[in-house]
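Visitor: The listed protein sequences derive, respectively, from chains A and B.
Each step along the first sequence adds one to the number in this note's numbering, with nothing skipped, and position 305 is 344.
Each step along the second sequence adds one to the number in this note's numbering, with nothing skipped, and position 123 is 748.
Any given hint might turn out to be false.
Here are the simulated EDC-like cross-link-like pairs (lysine to aspartate or glutamate), alpha carbons at most 20 angstroms apart as the crow flies [stated by the list, open to error]:
1. B:Lys716 x A:Asp253
2. B:Lys716 x A:Asp70
3. A:Lys234 x A:Asp268
4. B:Lys706 x A:Glu97
5. B:Lys706 x B:Glu748
6. B:Lys706 x A:Asp93
7. B:Lys716 x A:Glu254
Among the chain B residues that face chain A by a calculated CB cut under 10 angstroms, a handful are [unchecked claim]:
8. Gly658
9. Pro662
10. Asp669
11. Ser694
12. Ser695
13. Arg704
14. Glu705
15. Ala717
16. Ile720
17. Ala722
18. Glu752
19. Ile756
In case anyone wonders, no lab produced these hints; they're calculated from the structure.
Since this is a predicted model, take the numbers as computed values, not measurements.
C-beta: ideal position from N, C-alpha, C; glycine also.
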Amino acid sequence: MTLTPHEQALLDGEAGEATAMAMRILVAAADLLGAEQLIEISSAHIDGCLHHGDGGVEFAEALVRGGGRMAVPTTLNVGAMDLLHPGIVRTDAHNTDMARRQMQAYVAMGAEPTFTCAPYQVGHEPDVGQQVAWGESNAIAFVNSVLGARTERYGDFLDACCAITGRAPLHGLHRSENRRAQVVVDVSAVPEALKARDVFFPVLGSWLGLTVGDEVAAIEGLPTDTTRDQLKALGAAAASTGSVALFHVVGVTPEAPTLAAALGGGEAQDEDGVSRRPAPPGWASQSMDRLPRRIAPTSGALRSALARLSTADTAERIDSVAVGSPHFSLEEFTHLAAIVAERGLGTSGPRLAVPFFVCTARATLAEAEELGLIENLRAAGVEIVADTCVVVTPILSDAGGVLMTNSGKFAHYGPSTTGYEVVYGSLEDCVASATTGEVRRDETVWSW
Amino acid sequence: MVTGLPPVRGRVLVSGSGQGPLLRLTHPISFWGGVDPVRGIISDPRHPQFGASLAGRVLAIPSAVGSSSSSAIMLELLREKTAPAAILLGKADAILALGAVVGQELGYQTIPILELPMAALGEMSAEAVVIVNPDGSVLPVD
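Required output: the full structure, derived from the provided sequences and hints.
Guide: This is the structure in structure tokens:
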């Protein structure tokens, strides 16, 4: 492990005790990860402000006492409290206090109180090729894949140590050679009508995570107008069922203008969009062992991934709906507001029959309020959860039952973290079902 | 008293010494969602060793999997004093080791963590009391 003179000075305590402590932990982690040096980062996203136990509070407050300050622009992931609507989280006074202290300690060190798993939706979008240190599996997949910045999988403690030192261990996906696609996923046989639907992407993502694990995939055959919300849903699901931290979508994501570029590595593109490192001519036939594996999901494989997202596939009634994992975007609020209005729900009509939670960032909520999207949703019975979400802290009723969601991530983690059975469906299905409490799903979309 | 079996040696991830009865997990585990740090037990009902107590045991795991929040659970085990006496990992895992490194920084009593293939323990009986030394050697005691 080689440190620069400046890094050695940080380790020796020249920038204060908190930076020295962060540096000690960072160097130990770099050793464990096999990194030989550190790299400077331009932003950090800290997942460690979620309260798992009081040790996390002691760690954060030790850094505050040691004079810790974030060395780079730093955003915060969800906490265990909704600081805007504290009554929504049902927990005891001790846990409430500790959850709040853990969130506030990071803010005291200069992190922005974004409290969202989708910092990329609230104005934090690193450029292609920038080195960053981000935590939270969906945020990691998004920043690597959709934005083309470079992070490894950082989690509790290490994320904060990177933010305070402004450095990360040089390993894994920070390096170009590890960003090349190892497997080609061909979805060209999937009907265009299905690939145009939001409900397709968490299913494709769940299948991808189960199929490729932690490998880098290049997906070929998705529409060029695939939206950011669809890519967000794909990545979140793939990072739940597998350890996917980077995927390419040919013709869509920045490191994959062509399949050859995705396979040739994550070299940055020139301004004119031409890869600086095209694959050598004839490379595929010259060296068979360099040929990546090529796979294609069958209709049966996707249907089984779809089925896996529901643990209560035969349920006829639901007790609750939760959406917004990753956190709802402004576009998703606009979509939901339109569906609710179309059904005549809200101020001028009936309310939803079951609790309907939408999890989002406080900044996105403020924007949606400004656009007038929230009033009618609340009148329809929609409850907005900010700063946190329903699978990380007790929000859903203790009574349990069946939870419906359009999120692959909620569907994956819901049963173990909330005790609810889950039913997966589109956002339209979720509203339709919540209107009466009876499960309504449009199955025709899956007729392939 | 040390038995006749030769010691095995693992790669030291976190240095220290510890002693206790061996607990061999037959499946990988995610500490986050799989271990309850307050009670110090395996809390994932799908895990074959569900309900087993970790406190004071020398825990041998084929591999750690899952969320990076497992570092936080490792730290809680140390804080709650429900941690194993030592952890032997079939495959090195930076996430669990990081929790122990942070524990050291916070002044909690910490434990050794080694990378050691499960097969290397072949000769040691399931409930043998073993000692883990700072140099990474592991040997059974009577």
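Visitor: Next, verify each hint and record whether it holds.
Guide: Cross-check of the supplied hints:
For the hint linking Lys716 of chain B to Asp253 of chain A, the alpha-carbon distance of about 16 angstroms falls within 20 angstroms, and the restraint holds. For the hint pairing Lys716 of chain B with Asp70 of chain A, the CA-to-CA distance comes to about 15 angstroms; that is within 20 angstroms, so the pair holds. Of the pairs offered as hints, the one joining Lys234 of chain A and Asp268 of chain A holds, with about 13 angstroms between alpha carbons and a cut-off of 20 angstroms not exceeded. Straight-line distance between C-alpha atoms of Lys706 of chain B and Glu97 of chain A comes to about 15 angstroms, which keeps the hinted pair within the 20 angstroms bound.
Using a Cα cut-off of 20 angstroms, the hinted pair Lys706 of chain B and Glu748 of chain B is violated, with the two alpha carbons roughly 30 angstroms apart. For a cut-off of 20 angstroms, the pair hint linking Lys706 of chain B to Asp93 of chain A stands: about 13 angstroms separates their Cα positions. Between the alpha carbons of Lys716 of chain B and Glu254 of chain A the distance comes to roughly 18 angstroms, so the proposed pair stays at or under 20 angstroms and holds. Satisfaction of the interface hint for Gly658 of chain B is found here, the shortest Cβ-Cβ separation to chain A being roughly 6 angstroms, below the 10 angstroms cut-off.
At its closest, the beta carbon of Pro662 of chain B sits 6 angstroms from a beta carbon of chain A; the interface hint therefore holds under the 10 angstroms criterion. For the restraint placing Asp669 of chain B at the interface with chain A, the shortest Cβ-Cβ distance is roughly 8 angstroms, inside the 10 angstroms limit, so the hint holds. Of the supplied interface hints, the one on Ser694 of chain B holds, with its beta-carbon coming within about 6 angstroms of a beta-carbon of chain A, less than 10 angstroms. Taking 10 angstroms as the C-beta contact cut-off toward chain A, the hint placing Ser695 of chain B at the interface holds, the least distance being around 8 angstroms.
The interface hint given for Arg704 of chain B is met, as the beta carbon of that residue sits about 4 angstroms from the closest beta carbon of chain A, less than 10 angstroms. Checking Glu705 of chain B against chain A: minimum C-beta separation of about 8 angstroms stays under 10 angstroms; hint holds. Of the supplied interface hints, the one on Ala717 of chain B holds, with its beta-carbon coming within about 7 angstroms of a beta-carbon of chain A, less than 10 angstroms. Restraint check, Ile720 of chain B versus chain A: the minimum CB separation of about 7 angstroms is within 10 angstroms; hint holds.
Taking 10 angstroms as the C-beta cut-off, the interface hint given for Ala722 of chain B holds, the closest approach to chain A being about 5 angstroms. This hint is violated: Glu752 of chain B has a C-beta 30 angstroms from the nearest C-beta of chain A, more than the 10 angstroms allowed. A cut of 10 angstroms between beta carbons decides the hint on Ile756 of chain B: the least distance to chain A is about 24 angstroms, and the hint is violated.
Violated hints, in rising order: 5, 18 and 19; the structure is consistent with all others.
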